[in-house]
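Trainee: Sequence:
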Amino acid sequence: MEKSVYELRIYHANSGKIAKLIERFRDHTVDLFADHGMESVAYWIADDAPDDLIYVLKHSGDPKANWEKFRSDERWISVKANSEIDGVLVGSIDSRYMTPTDFSRIK
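As numbered in our numbering, residues -18 to 88 make up the sequence shown, in order.
Derived by calculation from the structure, the hints in this document are not laboratory data.
Each hint should be verified, as a subset may be incorrect.
[Said to hold, decoys possible] Pairs of lysine to aspartate or glutamate, DMTMM-like flavour, derived with a Cα cap of 20 Å:
id, residue 1, residue 2
1, Lys50, Asp16
2, Lys(-2), Glu49
3, Lys(-2), Asp32
4, Lys61, Asp32
5, Lys(-2), Glu55
6, Lys45, Glu20
7, Lys61, Glu49
8, Lys(-2), Asp28
9, Lys45, Asp75
10, Lys61, Asp33
11, Lys(-2), Asp67
12, Lys1, Glu65
13, Lys39, Asp16
14, Lys1, Glu49
15, Lys50, Asp12
16, Lys39, Glu20
17, Lys61, Asp43
18, Lys39, Asp83
19, Lys(-2), Asp29
20, Lys(-2), Asp43
21, Lys45, Glu(-12)
22, Lys61, Asp12
23, Lys39, Glu65
24, Lys61, Asp16
25, Lys1, Asp67
26, Lys45, Asp12
27, Lys(-2), Asp33
28, Lys(-2), Asp75
29, Lys(-2), Glu(-12)
30, Lys1, Asp32
31, Lys39, Asp29
32, Lys45, Asp16
33, Lys45, Glu55
34, Lys61, Asp8
35, Lys61, Asp83
36, Lys1, Asp43
37, Lys50, Glu20
38, Lys39, Asp75
39, Lys(-2), Glu65
Given the structure is predicted, the values throughout are model-derived calculations rather than measurements.
Full structure from sequences and hints, please.
Mentor: Pasting the structure below:
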């Protein structure tokens, strides 16, 4: 059985843009992820960095291929453009792919 690949992502929102970023995820991005083999596991706001959105995805298939399909989806392109009319929401992104250990409760 193939092990699941998880991805930890941290979005560092530009000043004053975290609420708009959360709105975009809640109203659009999570559903689009699901259409491209990416299951949303959980989302957090960092207590010590309130402009950081932290989340974990579980990938079905190849994560890089999932991202390519997501980024080329016309719906995503439109959502992103519409949400950034007043400026770019994210200044930078940190990403790490992770494979659960054999003693992890998630698989």
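Trainee: For Lys1 and Asp32, compute the direct alpha-carbon distance and say whether it is at most 20 Å.
Mentor: holds, 11 Å
Trainee: Hey, Lys39 versus Glu20, does the alpha-carbon distance stay inside 20 Å?
Mentor: Within the cut-off at roughly 5 Å; holds.
Trainee: Mind checking the alpha carbons of Lys45 and Asp16 for me, to see if they're no more than 20 Å apart?
Mentor: Between Lys45 and Asp16 the Cα gap is close to 15 Å, so the pair holds against 20 Å.
Trainee: Taken at face value, is the distance from the CA of Asp83 to the CA of Lys39 at most 20 Å?
Mentor: holds, 16 Å
Trainee: Take the C-alpha atoms of Lys(-2) and Asp75, compute the straight-line distance between them, and say whether it is at most 20 Å.
Mentor: holds, 17 Å
Trainee: Given the hint that Lys61 pairs with Asp16, does the C-alpha gap stay at or below 20 Å?
Mentor: holds, 16 Å
Trainee: Within a Cα-Cα threshold of 20 Å, do Lys61 and Asp8 meet the stated pairing?
Mentor: Holds. Lys61 to Asp8 sits at ~12 Å (cutoff 20 Å).
Trainee: Quick one, are Lys39 and Asp75 close enough, alpha carbons at most 20 Å?
Mentor: Status holds; Cα separation ~16 Å.
Trainee: Is Lys61 close enough to Asp83, meaning Cα to Cα at most 20 Å?
Mentor: violated, 38 Å
Trainee: Given the hinted pair Lys50 and Asp16, is their Cα-Cα distance within 20 Å?
Mentor: Measuring from Cα to Cα gives roughly 9 Å; hence the hint holds.
Trainee: Within 20 Å, alpha carbon to alpha carbon, are Lys(-2) and Glu65?
Mentor: holds, 10 Å
Trainee: Would you mind confirming whether the straight-line C-alpha gap from Lys1 to Glu65 stays at or under 20 Å?
Mentor: Judged against 20 Å, a Cα distance of about 9 Å means the pair holds.
Taken one by one, the earlier hints fail for this structure at numbers 2, 5, 14, 17, 20, 23, 29, 31, 35 and 36, listed in ascending order.
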